[in-house]
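Q: Here is how the chains run, residue by residue.
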Amino acid sequence: MQVTATALSAADPFRDYDAGPYFCELTGARDGDGGAAAEVRARIATIGLDALRARAAAAEGELINLGVTFTVYTEAQAIDRILPFDCIPRILTAAEWRRLEAGVKQRVAALNAFLHDIYHGRKIIRDGVVPEDLVLGNANYRPEMENFPVRFGTYVHICGTDIVRDQNGDFLVLEDNARTPSGVSYVVENRHLMSRTFPDLMAGQRLRPVDDYGRRLLEAMVEIAPEGVDEPQVVLLSPGIYNSAYFEHVFLAREMGVPLVEGADLVVENDRVWMRTTAGRRAVHTIYRRIGDDFLDPTVFRPESLLGVPGLIGAWRRGNVTLANAVGTGVADDKAIYAYMPRIIRYYLDEDAILPNVQTHICREKEGLDYTLAHLHELVTKPVGESGGYGITIGPRASQAELDHARAAIVADPANWISQPMISLSVAPTLTEQGIRPRHLDLRPFAVTGRQTWVLPGGLSRVALKEGSLVVNSSQGGGSKDTWVLADPGETL
Amino acid sequence: MPRPAPLLARYAEGLFWMARYLERIENLARLVDVTQTFESPGRETEAWQALIRINADEDELARRGLTATPEAVKHFYLLDHANPTGIQTSLEAARTNARTLRPLISTEMWKQINIFHREIGALTEADITGDQLSPVCARIKEGVQAHTGITEGTLFRDQGWCFYQLGRLIERADQTTRLLDIRYHLLVHGHSEERRVAELTQWNGVLRAVAGYHAFRRVGGADFGAVDVVAFLLHDTSFPRSVALCVAEIDALLTRLRSRYGLRGTVAALERVEELRAGVLGRPAARVLADGLHQFLDGVQRDLILLAGEIGTAFFRDWRPLEAASQSQSQTQTA
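Read top to bottom, the protein sequences are chains S and R.
The numbers in my numbering rise by one with no breaks, and the one at position 189 of the first sequence is 189.
The numbers in my numbering rise by one with no breaks, and the one at position 247 of the second sequence is 247.
No wet-lab data here; the hints were simulated from the structure.
Just to be clear, a hint being listed does not mean it is correct.
[What the hints assert, rightly or not] Computed Cβ-Cβ distance ranges for the label pairs, DEER-style: (1) S:GLY490 x R:GLN145: 29 to 35 Å; (2) R:GLU108 x S:THR299: 38 to 44 Å; (3) R:GLN145 x S:LYS335: 52 to 58 Å; (4) S:SER475 x R:HIS214: 31 to 37 Å; (5) S:ALA54 x R:GLU71: 37 to 43 Å; (6) R:ARG43 x S:GLY280: 30 to 36 Å; (7) R:GLU108 x S:ASP50: 42 to 48 Å; (8) R:THR154 x S:PRO396: 52 to 58 Å.
[As the list claims (entries may be wrong)] Just a sample of chain S residues kept apart from chain R, beta carbon distances all over 10 Å, derived: (9) ASN65; (10) GLY67; (11) ARG151; (12) ARG196; (13) GLU227; (14) ALA253; (15) ALA264; (16) ASP265; (17) ALA353; (18) LEU376; (19) GLY391.
[As the list claims (entries may be wrong)] Below, in silico cross-link-like pairs of lysine to any residue (SDA-like), each with a Cα-Cα straight-line distance of 25 Å or less: (20) R:LYS111 x S:ARG407; (21) R:LYS111 x S:GLN77; (22) S:LYS105 x S:THR197; (23) R:LYS111 x S:ILE64; (24) R:LYS111 x S:ILE79; (25) S:LYS335 x S:ALA264; (26) R:LYS111 x S:SER244; (27) S:LYS105 x S:ILE124; (28) R:LYS111 x S:ASN138; (29) S:LYS366 x S:ASN138; (30) R:LYS141 x S:LEU66; (31) R:LYS141 x R:ALA122; (32) R:LYS111 x S:ALA54; (33) R:LYS111 x S:PHE171; (34) R:LYS111 x R:ASP131; (35) S:LYS466 x S:GLY391; (36) R:LYS111 x S:ARG142; (37) R:LYS141 x R:THR154; (38) S:LYS335 x S:GLY153.
Positions of the beta carbon are idealized from the N, C-alpha and C atoms, including for glycine.
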């Protein structure tokens, strides 16, 4: 029988959708979604594939015009790119979110307790829970922080926790980002974009709002300002318009209603920080800095840095200004420390981790080493001191020679290695040239901590747009989705 | 009422220059458009040479090994991304400032300038050839006018607005003097009656270029001469692009910065405004013409540069006033 073009485009776009062996974020069975997922599918079918594509293209055009972009630098030029936006939302139920939220809060509490401890009494090291050299030998350990008090014991004011879901639908933490995590602007912008271009998908859905982030962030920044300051002046310190995340800096400064400053706008005199305004200098009390530790103060760290402010660390050590996040948090979100996070949580909070780690075998420990060497072909092995995927061997996809090479490297220096099972990341229906297809994704919720921790409902869902790919990074073909957290039936929004 | 928010010196500088560059773009489009109407058969090149002269671009053109043919000059101002006085460079600079100012300006302002920048950046030779030139100039003017309208309707009116307006008004006054100057550089040929008619045609062209033709008709009388046009463009405070109106508004803005926002650095700038006012308004157009229009306009341009320098010294970060400004009147690039 011949199928006409009209009949084809009118057909259910989900007709030949097959998530395969993976957990699907839209079609997978879950309790408590109140039929929201089925409703979204039905509405997408009503819109139809052609209209879906046209609107998705219009939405991306809107992002370009609005300059909701990150900058990619090639040798010849700077190119403004959008983070590709996939219009099919990712849905989290109220129950799923409760668990995620509690898990993220727990993790932030443990990270802060750990940082306080290692920069003070180092009890956790003396008790033999975390090896001393992993902390003191870490490149991100900052002796300047030793015995330095921070308000409310909060070091990690803004935290991004990378979370994945395995084939059973269980959430696992892949990584903590406790330095200057980025991406929150896309969470809010995606929601705005969604409500402009897909009002019919959103109509009547009871979603937890995301537009409260700026207010919550400002509140925390005011809370952590040096004691005794009545109306603290908060600023956001950015490397400037050539930074790839500049849009996010603009977004956050606007949402908080505070000046976006560059290093040259600030000056330190008598251990106090001032910003240069048209009316002269004006005192600054809290700096949300989007500049790495190394670049903050050329007189203390990298002398060649032009991004920072000479004397800033001195002013901070005198307690005249607060930095968020604190200096030296990088020691806690490191791959080596990550492996110890379940133990760190238990040590400080006397609780099991609500969100488990991806199972990690620590090769510096005999048990972990033996297991790793015996199951090399099933495991992903990673050197702890590297980032950006360098040195990783994916057992199931590696040749014998590669496995031999990995084995030799691990045996030569076990302490430098961890291994993890390969995770079958969950998928979500994603609009592709072939139609609606499953693509792998992760989730990065954002937690803001002053006196207490608040977690933005949802977070950034990053999706690997290439078929089969597990790489969700924006620099390597990743996109994003609007992340919906369904409200509890009785909840007022 | 909440206390007024502080304004970073860098933002004030960015607003000032964004406005200046955009105003410059609009005026350059006006100049290019009117130059085309000044082309007389067999002497097409003369009009374009005059355009080069009033912008003091002889050296820049020579450095490229170019002569002022109509094609070369049009390309130089409209398409050349390396010409510091051209539309492309000015728009690039305006957008870079807008980007710096994104925390402050409205999303609608940013979106429009972003789209405008992309559209003008994509212009090609074919777009400015023959009968395409005038529509392109119109598009450029309209792009800036859209910016101006969106800004008027959306930009928060705190002290940042004053710096934005100061940049625009200083540039506008400067550009009006240049437009007047173009007449000076155009040679008119033929017998006396022929010359009189040709000159009138040129003055009408100047008036049309600044959108002042019809207004001038209403106030200028039937039997007008050069002195009436010069008086209109210099002195008539009802005409939006007159030097006198720009100076009066600059005065009001500086006073507002001082009284409402407590900025104490306005004294030197206000003194410059006084000098400009005395120099421009205090001299009747007939005397200006008798003493030499070109020299007079040069003097006004110099005073405007000094005024911009005083504002920069008082309020902007890292401003290096006179040596940079007197050459190119472009923004100092800071790291």
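Q: Go through the numbered hints given earlier and state which of them the structure violates, listing their numbers in rising order.
A: Result: hints 1, 4, 6, 7, 9, 10, 14, 15, 16, 20, 22, 25, 28, 33, 34, 36 break, sorted rising.
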